[in-house]
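Using the sequences and the accompanying hints, generate a full structural model.
Chain residues, written in single-letter form:
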Amino acid sequence: KAGVTQTPRYLIKTRGQQVTLSCSPISGHRSVSWYQQTPGQGLQFLFEYFSETQRNKGNFPGRFSGRQFSNSRSEMNVSTLELGDSALYLCASSFIRGSYNEQFFGPGTRLTVL
Amino acid sequence: AQSVTQPDIHITVSEGASLELRCNYSYGATPYLFWYVQSPGQGLQLLLKYFSGDTLVQGIKGFEAEFKRSQSSFNLRKPSVHWSDAAEYFCAVGAGNTGKLIFGQGTTLQVKP
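Protein chains in written order, with the working numbering: chain G, 138 to 251; chain Y, 26 to 138.
Simulated from the structure, these hints should not be mistaken for laboratory data. All C-beta atoms in this analysis are idealised placements derived from N, C-alpha and C, irrespective of residue type, glycine included. Honestly, I wouldn't trust all of these hints.
[Claimed, not checked] Pulled a few chain G residues facing chain Y out of the computed Cβ check, cut under 8 Å:
| id | residue |
| --- | --- |
| 1 | Q240 |
| 2 | G243 |
| 3 | P244 |
| 4 | L248 |
[Stated by the list, open to error] Result set (DMTMM-like, lysine to aspartate or glutamate): computed pairs, CA atoms no more than 20 Å apart in a straight line:
| id | chain 1 | residue 1 | chain 2 | residue 2 |
| --- | --- | --- | --- | --- |
| 5 | Y | K74 | Y | E89 |
| 6 | Y | K74 | Y | E113 |
| 7 | Y | K74 | Y | E45 |
| 8 | Y | K93 | Y | D79 |
| 9 | Y | K86 | G | E239 |
| 10 | Y | K74 | G | E239 |
Here it is as structure tokens:
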């Protein structure tokens, strides 16, 4: 069974641009969560999607948004990029909701904002 | 508020020596606790998890962790470290019935030959 895939793996953008990151969960998994990882703030929860609905959102500005499609694939979008948005963005999938379910993480997308 | 603290940012141990990584959590209810490992350029891999029952849990790669409710701790241990264990280790608590995980700041493990 293929793992969680994230595309692209690396991305370079300039301030003010917007970016879309993609996450394909493990086949059969319906819950997708996104995390931002930075050296200063560590791993921070962005949002969680289940059955195409955002179920939970972390403490991030409205520039960060996401969606989930009927095949459970998810995208996250960051508009008006800032230097501080440079980070590793990790996607995780699980079979159903609930933190007692193991979350499987993808390799991440490394975003650099210049 | 829910939080996880990993007091040690960086630990160096010799290959073959024992290892203990500390984790303290703050959570109102019975926590779901996890340890993840991250190698450079990789995502996170689950080492082990605790939900209920036996407070000593076994994981992959020879790791184990002990849940101590009285100390709000979930320390990770390994009796004999291998060079391939060098990585960053994260303790996390699950926030109830959501998919949200709250992570500690991580501990970087360096293994000396």
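Do the hints match the structure? See the list:
The closest approach between the C-beta of Q240/G and any C-beta of chain Y is roughly 7 Å, which is under the 8 Å cut-off, so the hint is satisfied. A hinted interface residue such as G243/G counts as satisfied when its beta carbon comes closer than 8 Å to some beta carbon of chain Y; here the least separation is about 5 Å, so the hint holds. Evaluation of the P244/G hint against chain Y yields a held restraint, the C-beta minimum of about 5 Å falling below 8 Å. Interface hint status for L248/G: violated, as the beta-carbon distance to the closest one in chain Y is roughly 15 Å, over 8 Å.
With a CA separation close to 9 Å, the supplied pair K74/Y and E89/Y stays within the 20 Å bound. Proximity of K74/Y to E113/Y is assessed by CA-CA distance (about 17 Å); at most 20 Å being required, the pair is judged to hold. This hinted pair checks out: K74/Y and E45/Y have alpha carbons roughly 16 Å apart, not beyond 20 Å. Distance restraint check for K93/Y and D79/Y: the Cα-Cα separation of roughly 11 Å lies within the 20 Å cut-off, and the hinted pair is therefore satisfied.
Of the supplied pair hints, the one linking K86/Y and E239/G holds, its CA atoms being roughly 17 Å apart against a limit of 20 Å. The straight-line distance between the Cα atoms of K74/Y and E239/G is roughly 8 Å, inside the 20 Å bound, and the hint therefore holds.
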